[in-house]
Every structure is written in structure tokens, then in C-alpha cells.
Amino acid sequence: MADSRFFYNSGSITLERIISLTGAELLDKNADKNLKFNDVAPLDKAQPDEISFLDNIKYADSLKYSKAGACFIHQKNIKHAPENMLLLVTEQPYQAYALTAQAFYPTKLPKNLIYNNSSIASSAKIGANCQIDTFAVIGENVEIGENCHIGSGASIADGVIIGNNTRIGANSTISHSIIGNNIIIHRGVHIGQDGFGFALGKGAHIKVPQLGRVIIEDFVEIGSGSCIDRGAGPDTIIGTGSKIDNLVQIGHNVVIGKHSIIVSQVGIAGSSQIGNGVVLAGQVGVAGHLKIGNGAKLAAQSGAMSDVPEGAAYGGSPAIPIKEWHRQTLLKRKESKK
Amino acid sequence: MADSRFFYNSGSITLERIISLTGAELLDKNADKNLKFNDVAPLDKAQPDEISFLDNIKYADSLKYSKAGACFIHQKNIKHAPENMLLLVTEQPYQAYALTAQAFYPTKLPKNLIYNNSSIASSAKIGANCQIDTFAVIGENVEIGENCHIGSGASIADGVIIGNNTRIGANSTISHSIIGNNIIIHRGVHIGQDGFGFALGKGAHIKVPQLGRVIIEDFVEIGSGSCIDRGAGPDTIIGTGSKIDNLVQIGHNVVIGKHSIIVSQVGIAGSSQIGNGVVLAGQVGVAGHLKIGNGAKLAAQSGAMSDVPEGAAYGGSPAIPIKEWHRQTLLKRKESKK
Amino acid sequence: MADSRFFYNSGSITLERIISLTGAELLDKNADKNLKFNDVAPLDKAQPDEISFLDNIKYADSLKYSKAGACFIHQKNIKHAPENMLLLVTEQPYQAYALTAQAFYPTKLPKNLIYNNSSIASSAKIGANCQIDTFAVIGENVEIGENCHIGSGASIADGVIIGNNTRIGANSTISHSIIGNNIIIHRGVHIGQDGFGFALGKGAHIKVPQLGRVIIEDFVEIGSGSCIDRGAGPDTIIGTGSKIDNLVQIGHNVVIGKHSIIVSQVGIAGSSQIGNGVVLAGQVGVAGHLKIGNGAKLAAQSGAMSDVPEGAAYGGSPAIPIKEWHRQTLLKRKESKK
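Protein chains in written order, with the numbering used here: chain A, 1 to 338; chain B, 1 to 338; chain C, 1 to 338.
Wrong hints could be hidden among the right ones.
Note that the list lumps identical chains together, so a pair holds whenever it fits in one copy or between two copies.
To be verified - Below, in silico cross-link-like pairs of lysine to aspartate or glutamate (EDC-like), each with a Cα-Cα straight-line distance of 20 Å or less:
id, residue 1, residue 2
1, 76, 55
2, 207, 91
3, 334, 324
4, 125, 140
5, 258, 235
6, 36, 16
7, 323, 335
8, 79, 61
9, 45, 235
Derived from the structure by calculation, the hints contain no laboratory data.
All values derive from a computational prediction rather than experimental measurement.
Given these sequences and hints, build the entire structure.
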């Protein structure tokens with residue numbers, strides 16, 4: 001079980017509620033739906049009162065010897081399960097597991113509490129049931145919705161708007177931004193600062209005022225240490241449900257579509273447009289003014305120097321279709337082994 | 001127009017003042033120099049009371065259909081302009097635009113205000129017209145010049161010296177540093193910490209005391225989340241007018257010359273020397289103890305493993321002359337398509 | 001000598017004490033061991049009352065003309081030394097220098113002082129001789145050992161345990177972690193936040209609760225701006241004596257062994273295991289679920305996409321044995337020059 005110093009297990013849950021939460025189908029129609037489970041756990045650690053999952057057939061052996069009381073599993077894999085395990089059949093075992101884990105370990109609601117030693121401008125509006133932690137700073141004309149949590153030492157600059165159910169991590173700084181609902185911004189994130197805009201000269205460079213904003217749509221998550229510059233004139237936009245990992249750089253005017261995945265240490269240069277459902281793996285670079293089509297995938301450390309078509313998988317630097325990149329890799333190895 | 005929640009437009013400006021600010025030449029000698037403009041805007045959005053610019057001939061079509069009242073433009077491109085547009089001819093249209101935008105949206109001066117809940121050591125000296133924000137910490141014997149702005153939660157450690165007209169962003173930390181005039185340090189920047197200096201052993205590694213400083217010269221800008229380690233014995237130095245983007249790593253003893261451009265997520269290892277007017281594009285790595293000559297350019301994601309001569313353009317990892325790198329890229333693609 | 005604004009030289013040290021600190025052998029058996037030295041310095045700057053070192057034979061010329069009063073040197077290099085210099089013979093001159101520099105410039109002990117305007121939960125336990133700086137936040141049930149220093153604006157969340165003699169830098173944030181003894185965490189480091197765990201869907205992605213912790217063993221050092229995510233179920237572990245540079249990303253469930261070196265901007269994806277004594281050079285990427293064997297070395301900017309065997313040196317992206325990578329680099333250059 002998770003360390004109780006840090007995690008709060010909300011108590012046992014019946015099989016019936018698990019089925020209702022996840023939509024999984026109980027293989028054994030006669031099983032007692034009032035049976036209670038106490039936790040989630042990986043296959044190799046789960047006990048009879050715990051629920052596990054099999055997502056990757058690589059772990060079939062762990063399944064075979066698992067003591068888990070119940071297991072989310074795909075139809076095609078049920079033959080690998082031991083006899084006494086309750087099987088919860090679903091197309092998406094990992095998603096079912098995630099929902100079940102959320103039920104055992106629900107996100108803490110913000111306390112309805114504004115700490116004395118936070119600093120809140122008199123013109124700021126703060127909705128019901130918000131928690132504003134110690135040494136947080138809320139500027140003039142800031143508007144914060146309901147059920148928000150602003151971490152300690154976070155700085156929300158003048159005029160920023162934040163929706164409902166949004167969490168801003170400790171020591172993050174936000175300015176020039178409109179932030180939506182149900183968003184998680186982790187700690188030490190910097191959003192809304194000037195983009196890197198200079199009219200380059202042979203000698204001194206002239207700073208170009210950055211007159212746009214950052215728009216963050218609902219259900220976005222942004223990892224620790226990431227930086228999102230505000231637009232130069234148009235806005236920088238992060239679309240609904242996109243998830244951004246730690247230490248990612250997003251330049252001015254970048255537009256990211258819906259439900260895209262941006263892994264750690266990716267850098268996206270100014271004015272590039274990333275489609276919906278795109279995956280940029282770790283340390284990918286995207287040059288400026290490019291279009292990465294919907295559903296495209298870039299392999300780790302690759303560098304897009306030109307547009308990537310919808311649905312394409314690319315790798316390498318400069319990035320090329322991934323099959324071609326794999327072929328190059330093999331050819332090079334053959335050559336160098338001669 | 002820029003969102004007035006975040007930006008303050010200082011009001012209309014006459015054609016005469018714009019000419020005087022930028023040195024551009026009015027093509028139509030008979031135009032009324034008392035004509036007033038209200039804002040800057042890109043060609044496709046500009047209205048008759050707004051000023052735009054054409055820098056890249058790619059946008060000739062936007063120019064053709066633009067409603068902008070006036071436009072900064074290079075002599076060679078005036079033939080593409082529509083009839084009723086006032087043309088402001090200049091060698092550097094983007095620079096002229098930047099100066100005009102600065103006039104419409106001037107940088108906010110610091111308020112002459114030290115917030116009650118900042119923490120300032122009694123031995124610190126703070127010049128006239130400084131703004132020290134909430135929860136900022138100013139250490140013993142710190143010296144800050146005039147017209148400086150220290151953001152909320154920033155920490156200026158004992159002994160640091162800061163010149164005039166310099167801005168330190170919220171939640172940045174600075175120690176062991178001499179910071180000049182007219183500098184912008186964005187938020188969450190960390191300057192002056194120990195460099196990564198260890199006498200490596202087979203078992204434990206021994207920490208080598210880092211006895212140098214960070215010297216930041218005038219007109220430098222440093223992006224959010226960047227880290228600049230102090231020198232090991234000599235100093236780490238960032239030269240006049242150099243601009244550093246977000247999430248950049250600068251190791252101990254690095255010396256950067258004047259007016260160089262260091263783009264996001266670049267890493268420069270210890271003791272390397274970067275010349276004047278160098279451009280390191282996004283995610284470039286420079287190994288330790290190298291010299292990158294004046295005016296050299298490294299393409300995005302390239303990695304300098306040896307010196308780069310003055311004026312050279314390099315690409316690839318390890319970095320080689322960029323023409324050769326492009327040839328390699330083409331040859332590889334030919335091979336892999338066979 | 002180091003700038004006295006920032007560094008405190010603790011005063012002269014006798015040759016005898018230096019020998020005892022470092023285990024070096026004095027070549028001239030008749031030299032006066034009561035001779036006093038006042039500082040350390042590089043060969044080209046050292047004065048007769050200062051101690052230097054020769055580690056790399058490249059600097060033999062600097063040795064030849066150096067005025068240093070004494071020098072740590074390897075037996076094989078003593079022939080390069082000038083006549084009047086006292087030679088301190090050792091297998092590891094740089095380590096001896098590091099220990100001597102530490103003696104001249106000892107780490108400041110924390111003041112036994114809890115600043116008024118820090119915020120400490122009533123249930124937190126803080127050991128003897130700790131310094132808690134201004135605007136630091138210590139959460140409920142936190143336990144901090146003796147002689148610790150918590151920097152200004154640092155946030156130590158509920159339940160975190162910290163051992164003895166550990167320093168946490170300004171504006172760092174720590175949660176869900178067990179931190180050992182004699183650890184240096186620099187400024188703006190974020191430890192213990194949720195890892196990037198999502199059950200990916202075609203549309204919305206489902207957040208997977210991250211139920212593990214971060215365990216940091218003794219004598220670890222972690223550079224500014226680095227992020228270490230907590231485990232998803234198992235823990236994220238940083239082994240004894242490992243040194244992590246600035247802006248490094250460590251994903252959930254990563255395990256790093258003992259005395260490994262992780263250079264700036266490295267990214268290690270979730271669940272990878274890094275052995276003991278591993279060196280990951282700058283900007284290296286390690287994909288998820290890999291094993292990097294004990295003593296392995298990855299060259300700067302390389303990307304491990306599969307396991308790396310014990311003791312191997314790898315380079316390139318995808319990373320391959322470094323000799324092969326060098327051969328590829330040479331072959332490509334030959335081709336492209338044809």
C-alpha cells in the first residue's frame with residue numbers, strides 16, 4: 001500500500017462500484033458483487049484484497065503467479081490468468097486501473113482557506129472553496145474561480161484569469177494568461193513571460209514588445225519547470241486535454257491542439273502549430289513556423305526542421321519518416337562494422 | 001489591439017515622431033506628418049490608424065491586401081504595396097517596427113515602493129525609485145542601483161551587486177554575482193550557484209569549492225528557468241547585449257561575448273568561450289573547454305565537440321561545417337531510399 | 001584570492017596540516033612543515049604563499065613558469081616542476097587540491113536560527129542547529145534532522161523527512177520524499193511531484209495516480225532547476241553519492257545507483273535503471289524501462305534506446321558502442337567530402 005505519510009487511501013470499494021466506475025465486464029457472472037477490495041497494486045505485489053491489471057502481454061508470467069483478487073484484462077489475454085482470480089474484462093485495462101486507483105486515492109480537495117501570510121490584492125476576485133497557500137501572491141484584478149488551489153510562493157500577476165477546479169503549484173509564476181478549468185500546473189512552472197523576440201542587428205539587438213497572451217484550455221496538465229512564453233501579437237494556446245511534461249519550452253505564438261502529449265525537455269520554437277493527438281517524445285525539438293499534423297508522432301531526440309504530415313511517424317535530426325530513419329540507422333551500422 | 005487587461009497602450013503617436021524614432025524615410029514627401037496612429041499590428045490585421053511592417057517577401061500578398069495606414073518597408077519591396085498606404089522606407093523594417101511598438105507599449109517603470117512583506121537586510125543599499133515586491137529577499141551588503149525592480153519571491157543573496165534599470169523576475173535566485181545595468185532577468189532564473197565541480201573518484205567524488213563569480217554585463221536578457229553557474233576560480237561572464245532564452249544551462253567559467261544569441265535549452269559546458277555575435281540555436285550543446293569564434297552559428301540540436309572557427313556555420317552532432325552536414329543528410333536519404 | 005564579498009578564507013594553513021588532510025607525500029624531506037600557506041590558486045596565478053596542482057600534462061608549461069609555493073603533482077610529472085617549488089606527490093592531485101580548497105574555504109555552517117517570517121507547521125519536528133530562512137514553508141509532520149539549512153522560499157510539503165547536514169536551496173519544492181544526510185539540493189529544484197503517468201486514450205487521457213515516493217540517499221547533490229518525479233507505485237531512488245547537474249529530468253520509478261554522474265540537461269525516462277558509477281554526459285537521453293550497466297558511459301547528446309552493458313562506452317542517437325560511432329562519423333565525413 002502507498003506510504004500513509006503521503007497518501008490517503010479512502011477505504012474499501014465494492015466490486016459493484018468498480019464495475020460501474022470502469023465499465024469493465026465481470027467474466028464470472030456468479031461472483032459476489034458486494035465483495036470488497038482495499039487497494040490497487042501491480043501484479044507481482046497484489047494481495048487477494050487488491051485489484052491489478054494486465055496491459056502488456058510481456059507481463060503474462062506475473063499474471064500467472066499473481067495473488068491479486070481481481071484483474072482488469074483484455075478478452076484475448078484471459079487464458080493467461082490463474083484460476084481463482086476475478087477477471088474484469090475491458091478493451092482498456094490500464095485506463096480501468098487508472099480510474100480505480102483514482103477512486104482509492106482521490107485528489108485532495110482544496111481547503112476553503114486563505115492563509116494569513118499570503119498576499120492578495122484588494123481588487124482580486126476569488127471564488128468559493130479556494131485554498132491560497134502561504135506566501136502566494138495574487139495581483140490586481142486577478143479572477144480565480146471555485147475550488148482552486150494556489151500553492152505556496154506562487155505568483156499570479158495582475159489581470160490573470162483562472163477558471164474552476166484548477167491547481168497552480170508552489171513557486172510557479174503566471175502572467176498575461178487566461179487559464180481554464182480542471183487544469184494542473186505543477187511547481188516552478190513559468191507562464192506568460194516575454195517571448196524571445198528581438199530584431200537582430202549586427203551590433204545590438206532590439207527588443208520587440210510581446211503583446212499577446214497565453215491561453216490554456218480545460219484539462220491541460222503542465223509539468224514542473226516548464227516555460228510557456230506569451231504570444232508576440234497572436235496568443236500562445238495550449239488546447240484542451242493536452243499534457244505537457246517537465247522542463248518543456250514552448251515559444252511565443254505556438255498553438256498546441258487537443259489531447260497532445262509533449263514529453264519532458266521538448267522545445268517548440270516560436271509560431272509552430274502542433275495538431276491534435278500529436279506525440280512529441282522526450283527531448284524533441286520543433287523549429288519555428290512549422291506545422292505538425294494531427295496524430296503525428298516524433299521519436300525521442302528527433303528534430304523537426306520542416307512540416308510533418310498528419311498521422312506520420314518521424315525520427316532523426318533532421319526528422320524524416322521513421323521507417324527511413326530506422327533503415328539509415330541499420331545501414332550505418334552495417335557500414336561501420338565492415 | 002493588445003488585451004487591455006495586460007497591456008497599456010500609451011496613446012496616439014504622430015507620423016513625425018515615428019520617423020524621428022526610427023530614422024525611416026517617408027516615401028510620400030507631401031504626406032501630413034501630423035497624422036496620428038493608434039497602434040501597431042501585423043499586415044493582415046492592421047487598420048488604417050495602425051502601423052505595420054514587411055520584413056519577409058513571403059508576406060508580399062498580405063501587404064497587397066493590407067488596410068494598414070502605414071508600413072515600414074525596404075526600398076526594394078515598395079512595388080508590392082497598395083496605393084493608399086504610407087510607406088516608411090528603411091533598411092531594417094523589423095527594427096523600425098520594434099522601436100515603434102516600444103513607443104506604443106513602453107516598459108512599465110518600477111514603482112517607487114518597497115512592499116511591507118519583503119525582507120531586506122539592514123546592511124543592504126537600495127537606490128532611488130526601486131520596486132521590491134512582496135516576499136522578495138534582499139541579503140546582507142547587497143547593493144542595488146536606481147530604477148530596479150525585484151519581483152516577488154526573488155532571492156538576492158548576500159553581497160550581490162546590481163546596477164541601474166535592471167529587472168529581476170519573480171522567484172529567481174541570485175548569489176555570488178555582479179549584475180550590470182539595463183538587464184532583464186526573467187522569472188525562475190538561478191544565477192551564481194556552485195558549478196558542477198567534482199574531483200571524480202572510483203568511489204566517492206570530492207566537491208571542489210567554486211571560488212569565482214558570475215559577471216553579467218549591461219543590456220543582457222536571460223530567459224525563465226535558465227541556470228548560470230558561478231566560476232570555479234575565474235568568473236563566468238555574460239557579455240554586453242547578449243540574449244539568452246529559457247531553460248539554458250551555462251556552466252562554470254563560461255565566457256560569452258557581446259551581442260550573442262543563445263536560444264532555448266542550449267547547454268554550454270564548463271570553461272567554453274563563446275565569441276561576439278554568435279548564434280547558438282535551440283537545444284545546441286557545446287562541450288567543455290572549447291572556443292566558438294566570433295559570428296559563428298550552430299544549427300538547432302547540433303553539438304560542438306571541438307572549436308568552431310570565426311564566422312563559420314556548423315550543424316550536426318558532432319558539429320561539422322553546415323554545407324557538409326546538409327550533404328550528409330542528402331546522401332543518407334538517397335542511400336536509405338535505394 | 002576569491003572575492004571577499006562572497007567567500008571567506010579561513011586563514012593560513014601549515015604544510016603539515018595540508019599533508020595530513022590529503023595524504024600527499026612531501027618530496028623534499030627536509031622542508032619546513034611549519035611553513036604556512038594562505039590560499040589555493042591555479043598554476044598561472046599562484047603566488048609563493050599559495051598551493052596549486054598539476055592534473056593534466058597539457059599544463060606542464062604553466063607549471064614550469066608558476067610561482068606557486070607548493071604543488072600537488074603525480075610522481076611521473078615531477079620532472080616538469082621548477083626548482084624552488086615544494087612538491088606534494090600524490091596519485092590524485094586534483095582530489096588533493098579539492099580537499100585543500102575545502103580547508104581554506106569551508107562550507108558555512110547553518111546558523112542556529114529560524115527566521116520569523118518563515119512558516120512552520122506546529123506538527124513539524126526540526127533538529128538542533130538548523131537554519132530556516134525567510135519565507136520558507138515547512139508542512140505538517142515534516143521531520144528535519146540536525147544542522148540543516150532550508151533556503152528562502154523553499155517549500156517542504158507535508159510528511160517529508162530530511163536527515164542531518166542537508167541543505168535545500170532557495171525556492172526549491174519537495175514533497176512525497178525521504179531525503180538522507182549530507183545532501184545538497186540546489187535552488188529551484190522540484191522533487192516529488194506527480195510523474196507523467198497517463199492512460200492514453202484516442203481522445204482524453206486518464207491520469208494515473210502516482211503512489212510512490214522519492215528516496216534520496218546520503219551525499220547526493222542535485223543541481224538547480226532539476227526535476228525528480230516521484231514513483232508511480234515503486235519509488236524513484238537516487239543512490240548514495242550520485243551527483244546530478246542542473247536542469248536534469250528524472251522520470252517516475254527511475255533508480256540511479258551509487259556515485260553516478262548525471263550531467264546537465266540529461267533526461268531519464270520512467271522506470272529506467274542506471275547502475276553505479278555511470279556517467280551520462282550533457283543532454284543525454286535515456287528511454288524508459290532500460291538498464292544502463294555499472295560503470296557505463298554515454299557521450300554528450302547520445303540517446304540510449306536499448307540497454308547499455310556494464311562498463312560500455314556509447315555514443316550517438318540511437319546510442320551504439322562509441323568506437324563504432326566514431327567510425328561512422330569518420331565514414332560520413334569521407335563520403336560527404338568526395
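So, going through the hints one by one against the coordinates:
Only within a single protomer do residue 76 and residue 55 lie at most 20 Å apart by alpha-carbon distance; the minimum there is 11 Å, versus 60 Å between protomers. With identical chains, the CA atoms of residue 207 and residue 91 are at most 20 Å apart between copies only, with a shortest distance of 17 Å across copies and 53 Å within one. Proximity of residue 334 and residue 324 under a CA criterion of 20 Å is satisfied in both settings, with 15 Å inside one chain copy and 10 Å between copies. Proximity of residue 125 and residue 140 under a CA criterion of 20 Å is satisfied intra-copy only: 9 Å inside one chain copy versus 29 Å between copies.
In this homomeric assembly, residue 258 and residue 235 come within 20 Å of each other (Cα to Cα) only inside a single copy, at 16 Å, whereas the closest approach across copies is 31 Å. For the identical chains of this complex, residue 36 and residue 16 are intra-copy neighbours only, at 9 Å inside a copy versus 72 Å across copies, given an alpha-carbon limit of 20 Å. For the homomeric pair residue 323 and residue 335, the shortest alpha-carbon distances inside one copy (18 Å) and between copies (13 Å) are both at most 20 Å. In the homo-oligomer, the alpha carbons of residue 79 and residue 61 lie at most 20 Å apart inside one protomer (12 Å), although the nearest pairing across protomers, at 64 Å, exceeds that limit.
Taking CA atoms no more than 20 Å apart as the test, residue 45 paired with residue 235 passes between copies only; the shortest distance there is 14 Å, against 48 Å inside one copy.
Checked against the numbered hints listed earlier, the structure breaks none of them; every hint is satisfied.
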